[in-house]
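Going line by line, the protein sequences match chains F and Y.
Anchor point for the first sequence: position 234 equals 234 in the numbering used here, and the numbering is continuous, going up by one each time.
Anchor point for the second sequence: position 122 equals 122 in the numbering used here, and the numbering is continuous, going up by one each time.
Keep in mind the hints are simulated off the structure, nothing from the lab.
Even for Gly, the Cβ is constructed at its ideal location relative to N, Cα and C.
Incorrect hints may have been included.
To be verified - Label pairs and their computed distance ranges (CB to CB): (1) Y:D184 / F:T5: 35 to 41 Å; (2) Y:F282 / F:D185: 31 to 37 Å; (3) F:P285 / Y:R272: 37 to 43 Å; (4) F:A13 / Y:S196: 55 to 61 Å.
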Amino acid sequence: MSNATEDLAAFRAEISDWIKQNCPAALLGRPMGETGIVWGGRKWTFTDDNQRLWLDRAITRGLTAPRWPTQYGGAGLTRAQEKIYREEMQKLGAPPPLESFGLWMLGPALLEFGNDAQKAEHLPKITRGEIRWCQGYSEPGAGSDLANVQTRAEDMGDHWLVNGQKIWTSYADQADWIFALVRTDRDAPKHRGISFMLMDMDSPGITTRPIRLISGKSPFCETFFDNVKVPKENLVGELNRGWDIAKYLLTHEREMIGGGGQGLLGARSVAQILASQEGALLADPVLRADAMQTEVDTLAFSLTMERYKDQAEAGRGVGNASAMLKYYGTELNKRRYELMMATAGSDGLEWEGPHGGLAPEWLRTKANSIEGGTSEVMLDIIAKRVLEMPNT
Amino acid sequence: MSAPMKEMTQSLIDTEDEVMLRDAARGFLSESSPVSALRANRDAGRAYDPALWAEMAQMGWTGVLVPEVAGGADMGHRAAGILAEEMGRTLAASPYLSTAVIAASVLRQAGPGAQGALESIAAGEAIYALALDEGPKFAPKATAMQAEKHGNAFRLSGVKAFVADGATAGRVLVLARTSGSAGDDAGLTLFDIDASRAGLSREQLSTIDSRDHARLIFDGVEATGDDIIGDLDNGFAALRPGLQAGQAALAAELTGLAGGAAAITLGYLKERKQFDRTIGSFQALQHRAAHLWSEIEVTASAIANAGRVLDHTPEDAELAVSLAKARAAQTAKLAVSEAVQMHGGIGMTDAFDIGFFMKRARVGAEWLGDYGYHAAVIAAARGF
Ligand SMILES: Cc1cc2nc3c(=O)[nH]c(=O)nc-3n(C[C@H](O)[C@H](O)[C@H](O)COP(=O)(O)OP(=O)(O)OC[C@H]3O[C@@H](n4cnc5c(N)ncnc54)[C@H](O)[C@@H]3O)c2cc1C
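With these hints in hand, go ahead and build the complete structure from the sequences.
This is the structure in structure tokens:
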């Protein structure tokens, strides 16, 4: 064994011990529906003390943000260590102590584009689960055509004045802050007049209205901005260059959605359902063939996530190819859930049944290929940017 | 994921040496063996060009899996896969898989007695074929061909239905039954015999890919204990490294083939005009091209992984190899179907190259196990 391999083996043993000693037994192996997720924030209430205990301990060890620098509350792990940490968590059935848009999206963008004051102010509150963020990108007229955002921020000298409307803002009603794309120059070409802004959801003039989803829940909202005053220092990066940040953040969002970021996709495995319905599966050659194909593609896709991370690690960025991860991963996840529903049969038809909330999870996966940029938009990106296909 | 996948410390991207090997192979093959060379072979009625094979030997490719003591370059399975991928891009025909990959992987496990055979593979002198399938589908355990004991010798009788490089090979690795019955994996023995041995006749098949495939008829062919590779009745264990190496490299070839077909198609989409636009500007075709590219990317990961696992933990390679072959068969099929469709009428003509890709993809999909065979291996390994 090489030194590197030995070091990783030691890390595995250490982190596995740590999880065993610190994750309350009651949380182990619990099915991880959307209800099991700890999102944090000022409005958050834990479903039980075990969740709180687990979060507190994880914070102490930096493990809410395994790869972030320790100065902001991360654990500073290498990618190999992070992977081992996640594998050990999965092996023991330990739930992630905290999930949030701050961890998935805003954090990486601030680490790249934020100034020191912004990083020092916002990152530790994300790793400690104190502030919950939502994402204000989409508007009624700006979905796939995101650069068409019309919500505007006017420079009032000592503050910004924001007016407009966002839509599909996930968890806006439960979030403390929002990161948003706002138009700061109406005369510039549409990609060049957008800025990236942070706003406190408690600011006077911000209101939210929930929208109910087909999966029965109401996690997203319309968000209205009516003469909202925003401090000048809440602009991230350069004025009118917010599109670059928006895109950078989107690549993180897409990799997370494509790769089965546990919060959105659910950590359910096909094997679990198959095991419980084995008779049905073996008796049905169509289901069996479908299960084999799904497994083949799932294994190959997870290796592709690995390969792309290896590439990023080697300093060769993934760039527009992240659109492929989003496209492939979400379409695959929809297939997995169709398979699980078909395997479960009538056991999967209740909102809450023998397989827990399988049905709402299945419904929720249909959004995976829409949120964060639709499959069609991802294919456009691959065709135009990767394959350089012509416009005319 | 644990066992089937590469270890944490290995990377799935090409190392600097591998990048150089790939570049060199691509440069050489596009010069010396473009698709037009396959066409010329076909029109001349020959399965491959011996001069090309000699050049491959000079570059060390025939010895890619042969130990250095036997004159090989011993570059490993990932490298062997990279070479196969590049051969797939231009459909370069040669006995590379049968000889340099399958036979070399079998013989290097066979002890000091095989040193001479390995030397002649590395030198480009020996050409091997693997005589395995007896029916239309890959099913090694179903081997029924008898090797009957006669005094100190064996007599082999039966038919091997589909033997790659079987008409040109000077030597044949043949799996036959010394005990047990069809369906058992025990009781099989692997022999390494000269193709000119009395009682062995060969019928060249005229296959769609214009390569060498033959039916081998064994009629009381004599073999002795010296011809046995590995142990009596345990030939499957002796063959396994060769099969796995061959499956991984064939999967790599198919992935290169898919990439080659996709590249030709993309070029056509950027050039052909209809309705006063390049057809590649139509979103319907853009999305099909993008989807195909995604499938090839995903398969390429399984190919790289299989090479890494064979190099580092060959005892755990089954799942990784089957994953590579299953994905590659499907991806190549998609690539060639999409390629023909997006070319329109010209894609159906013999004068245009894309048909060669379709025909080789079909043969490659069957040889050494089709999608269904390997998907079933994966399903079993994953517990359902
Ligand atoms: C569950 C969920 C959560 C979300 N959370 C958030 C959030 O937190 N914050 C946020 O800002 N947004 C969020 N969104 C919004 C999401 O990003 C948008 O829905 C998405 O970008 C698509 O925009 P749209 O809904 O306007 O659809 P449209 O853009 O109107 O698309 C409709 C259809 O047309 C297709 N289409 C559009 N343009 C093209 C084209 N050029 N070529 C081919 N086909 C095209 C699309 O692919 C789609 O099939 C969320 C969405 C969902 C479903």
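Status of the hints after comparison with the structure:
no.: 1; hint: Y:D184 / F:T5: 35 to 41 Å; verdict: 39 Å, holds
no.: 2; hint: Y:F282 / F:D185: 31 to 37 Å; verdict: 34 Å, holds
no.: 3; hint: F:P285 / Y:R272: 37 to 43 Å; verdict: 42 Å, holds
no.: 4; hint: F:A13 / Y:S196: 55 to 61 Å; verdict: 59 Å, holds
Of the hints listed earlier, there is not a single one the structure fails to meet.
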